[in-house]
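Chemist: Letter by letter, the chains look like this.
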Amino acid sequence: MADYNSDQALAAEYALGVLEGAEKRVFEDRLTREPELRDMYAAWADEFSVMDTDEVVPPDHIKVALDEKIFGPPAPWWHKFRLPSLGLVTAGILLCVFLFAWPSYPDQTSTMRVDTFAMQAELYEDDRLLKVSIERSDPPEGRDHELWIIPDGEAPISLGVVADGQLIIPDEINLAGAILAITVEAKGGSPDGNPTSAPLVAAGFEPV
Amino acid sequence: MADRSEIEDWIARVALSDRAAFDQLYSATSAKLFGVALRVLNDRAQAEEALQETYIRIWQKAGQYKVNGLSPMTWLITVARNIAIDKKRKQKTPTEELPETIEDTQIGPEAAAIAANENERLAVCLAKLPDDQANAVKRAYMEGATYAELASDFGIPLNTMRTWLRRSLIALRECLS
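Protein sequence lines, in the order shown, are assigned to chains A and B.
End of the first sequence sits at 261 in the working numbering; the numbers just go up one at a time, nothing left out.
End of the second sequence sits at 193 in the working numbering; the numbers just go up one at a time, nothing left out.
Chain A on its own, in the form it takes in the complex (with noise of 0.2 Å):
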């Protein structure tokens, strides 16, 4: 009974947290081998837990830190932007293929409207021409908007600094599923070929 009593207060010591340097070492080494104290252990620690009833919700930004720490930095802003039909866009791609097999016609057109900025730009997939027609465009002093296309789930490629005009988007990008995105930044376009904020405003193609 005396060696009962002994674990017993040992084992509720340990689970209250007062046992400190060997003595504590010495029964977390007997608690990896000893079933009987294992069970002493958890029972106390199951009655005593109960005293743990305060819950305050922790501030968002635990949560954001604490993924960070884990699973590394977030992905970046553009990996937000999926198109959420894609097979919905493909088929209207298709039909207007062949409804409207003529090539004076866009295949599709994006549209972006701000208090700042406005644009239309449309889009003949088989010249893999873009044209881009500029309503609004009222970037901050000192600052330019520039104009990105993002493939599908890949980083943005900058089509430089907006203006009226045609251009020809490269082979290697891939339009299925691409939007295109503004992004305000140095006079000039971005210094490093990356976007340096978050877009302005985005948008996906629209089958015509």
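Derived by calculation from the structure, the hints in this document are not laboratory data.
A quick note: this is a predicted structure, and the numbers were derived from the prediction, not measured.
Each residue gets a CB set at the ideal place from its N, CA and C atoms; glycine is no exception.
A few of these clues could be false.
[Claimed, not checked] Output of the computed footprint for chain A on chain B, the stretches with three or more beta carbons under 8 Å from beta carbons of chain A:
| # | region |
| --- | --- |
| 1 | 54-67 |
| 2 | 90-102 |
| 3 | 155-161 |
We have chain A already, so just place chain B on it with the hints.
Modeler: For chain B alone, kept in the frame of chain A given last:
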């Protein structure tokens, strides 16, 4: 509150590096574990740090959950408590005096917390102990108080404190059984 089998399932999947399960486990249990860290550390910034360390440990050690035979929630609480207590004891400078007011400010809410659990066997059995003894048990658990701190608070030698607390614990076990 998620039930035992849900938490057990999430822990098992976290052991397989399932991030979605980790997110679910976090949303279901972080308020409780943050409560534990805040109570032990009594400092928001440190409690936030402790909470992050807790879930990093859970992410890394989920595979070892079964080893101690604890119920899943108790295991999570134990991880949170141990990290908070380690933090608290590490930062404590040897010269630091325990604040005189600690009993006034800390025991009150704790007593209330225990009272809220009147139905629990532990509360009933703690209530049967003399007040000082019950308070010593609660302070050790709720605040991570050491024997040295308890002895100084109660104004008795450390060995006496320990004999006294162990006697209380055996009495508690007899009541609980």
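Chemist: Take the hints in turn and mark each one as holding or not.
Modeler: Now the hints, each set against the structure:
1. 54-67: holds (count 4)
2. 90-102: It holds, with 6 qualifying residues against the three required.
3. 155-161: Coverage by chain A holds for the region 155-161 of chain B (5 residues, Cβ < 8 Å).
The structure meets every hint from the earlier list without exception.
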